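Student: Protein chains in written order, with the numbering used here: chain A, 23 to 413; chain B, 108 to 243.
It should be emphasised that the hints constitute simulated quantities derived from the structure, not laboratory data.
Some hints could be false.
[What the hints assert, rightly or not] As a list, the in silico EDC-like pairs of lysine to aspartate or glutamate whose alpha-carbon atoms are at most 20 Å apart:
1) A:K253 x A:E370
2) A:K225 x B:D210
3) A:K313 x A:E269
4) A:K265 x A:E288
5) A:K356 x A:E368
6) A:K253 x B:D128
7) A:K356 x B:D128
8) A:K225 x B:E156
9) A:K282 x A:E323
10) A:K374 x A:E348
11) A:K225 x B:E192
12) A:K356 x A:D328
13) A:K356 x A:E323
14) A:K253 x A:D393
15) A:K374 x A:D393
16) A:K225 x B:E194
17) A:K225 x B:E231
18) B:K239 x B:D145
19) A:K341 x A:E394
20) A:K356 x A:D234
21) A:K265 x A:D300
22) A:K313 x A:D300
23) A:K225 x B:E161
24) A:K253 x A:D298
25) A:K225 x B:D213
26) A:K253 x A:E381
27) A:K331 x A:D273
In this text the structure is predicted, and so the values were computed from the model without any measurement.
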Amino acid sequence: MNLSRSLQYFGVAALAALVIGSAIALNVVKGRIQVVVSEAEDAAQRGPDPLELLRADLAELRAEIARGDELLPQHLQTVHDSLSGDATTRESAVRQELAALRTQLANVEARLETSARSNEAARAQTEATLQRFATALNDLSTAIAANAAQAAERARVEVVAVVPVEVAPVEVAPVAVAPVEPTPAPVEPPPADTAKKGFLSFKVPEKGFRFDARQRLAIVPSLSRVGFDAKSTLHDFSGVTQKVEGELVVDLSKPGDAPKGRISVECASLDTGLADRDEGMRELLESEKQKQITFTWSAFEAQSVDTAKQLVQGTVRGKLAIRGVERELAMPVKVSVDASKRVGIEGEARIKLTDFGIEPPSQLGMIEVEDELRLWISLRARTLGPVEEAK
Amino acid sequence: MRCTLWLALLAPACIAPSVVDSTGRSVAIAATDVAWRDAQAADFDGFFESTSIEGEAAAAIGRIYYHFAPSGTYTGAALVIGGLEPEFQTLSGRWTHGPEGLDLGDGVPVRASAADGFLRLASEGGVVTLRKQVIE
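Looking at chain A on its own, in the form it has when it is part of the complex (with noise of 0.2 Å):
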């Protein structure tokens, strides 16, 4: 007890010791320290606080893991549509390429109907051909014998030796001259047919003549003759030529829509069956100077026209120039087809030789040429195809 209260005095001594000392000492020391305080300078000279780094660190963290909490959603929302939109692009692709196979075997399949069609058809159209082809057969056949018996007929009544050469030269004969051969008669329009056929191995071109088209027209001279028919007082005579060259464009089932083309007779090759008169002629027309009768026709007055016999009747309209001087012409014509689709054109008019400037021949005024004359043509003209221009 003793003791304990022994230490008890001894502490409160030892700490008023300690008290009475430290203010002893501060007492001593109080002018000889100078405190400064400088926040700034200590703050460097002490560097960042770590902890307050470490707080920093940590709120930037938590506030990226909050971000990122707020990102994930979207993030697995744009996955999601990612993946999905691929399995519907797919699908979708997938199905096209489903669609158009089908569509493909359709048309394979509808390929094959049609093939089969077409050999059914074209079996049916070989077997009608055949069937054609034998009544053909037949009609040669009886026209042949018909032909014949009609020969032979005509052989008891004329003997008559013909060269076989394409073209009969002109003769005009001191009488009348009987026809040569008839003007074949129009046929009827074969079937269109637009495929390119042979003929003796050669190919012959699809643009053939066309009724209904418009086209060009190459006069034929070994098959067109131009003439004139002339009355005097005693004598009436002809001239004839088949110098006669030239084109037309037209479409003959509408021969008004702007035809057009150009005819030329060499003068000088008229002829009337007379030297003398021929040479006289020459010179009435100044042949030497003026070496072509030209018709330049210009419109077409059609008056009937048949597609179906290929048949053309109406009025040609153009100017005939004569020695050098042009006048109006109509002339009624008649335009067909022959069989081998050549255009055939038939026409007259009459001139007087006054409008182009010629007296008409005479001799003291007895014998006389009319100044009138009959002007014909008998053209014939193959196609030289289409023609496509701005009429």
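Dock chain B against chain A, hints included.
Tutor: Only chain B this time, still in chain A's reference frame:
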């Protein structure tokens, strides 16, 4: 001079009329009363030029030439019209002649007739009359 001219024109006045009959103005297309006979192989020897082409082919072919050699070869040319410009189409091959006619190598015999110096070939597309020519 003028008087002489009129005399020349009127001198034949005493001669009978020589007017071309209106039905005889057209040109004969081809003679048909020729005594054609069936062609023999010997008729094909030589060079031929067409004098007439009738039928559908006439609308597209202006002229045809053939040269047939006895050895069995031939060459031919056709002036084809109907395009922009006329052009020659040529052929070469072997020809044979039998009971069915002339075969130009395409297996489609054509009827062949002959007369003195002439050949006539008839096929579905038309009839061509050829005159024998001398190659100069």
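Student: For every hint, state whether the structure bears it out.
Tutor: These are the hints, each one checked on the structure:
| no. | hint | in the structure |
| --- | --- | --- |
| 1 | A:K253 x A:E370 | holds, 16 Å |
| 2 | A:K225 x B:D210 | holds, 16 Å |
| 3 | A:K313 x A:E269 | holds, 18 Å |
| 4 | A:K265 x A:E288 | holds, 6 Å |
| 5 | A:K356 x A:E368 | holds, 5 Å |
| 6 | A:K253 x B:D128 | holds, 14 Å |
| 7 | A:K356 x B:D128 | holds, 17 Å |
| 8 | A:K225 x B:E156 | holds, 18 Å |
| 9 | A:K282 x A:E323 | holds, 13 Å |
| 10 | A:K374 x A:E348 | holds, 12 Å |
| 11 | A:K225 x B:E192 | holds, 16 Å |
| 12 | A:K356 x A:D328 | holds, 11 Å |
| 13 | A:K356 x A:E323 | holds, 12 Å |
| 14 | A:K253 x A:D393 | holds, 9 Å |
| 15 | A:K374 x A:D393 | holds, 5 Å |
| 16 | A:K225 x B:E194 | holds, 12 Å |
| 17 | A:K225 x B:E231 | holds, 13 Å |
| 18 | B:K239 x B:D145 | holds, 16 Å |
| 19 | A:K341 x A:E394 | holds, 17 Å |
| 20 | A:K356 x A:D234 | holds, 17 Å |
| 21 | A:K265 x A:D300 | holds, 15 Å |
| 22 | A:K313 x A:D300 | holds, 14 Å |
| 23 | A:K225 x B:E161 | holds, 16 Å |
| 24 | A:K253 x A:D298 | holds, 17 Å |
| 25 | A:K225 x B:D213 | holds, 12 Å |
| 26 | A:K253 x A:E381 | holds, 14 Å |
| 27 | A:K331 x A:D273 | holds, 15 Å |
Comparing the model with each earlier hint shows no violations; every hint is respected.
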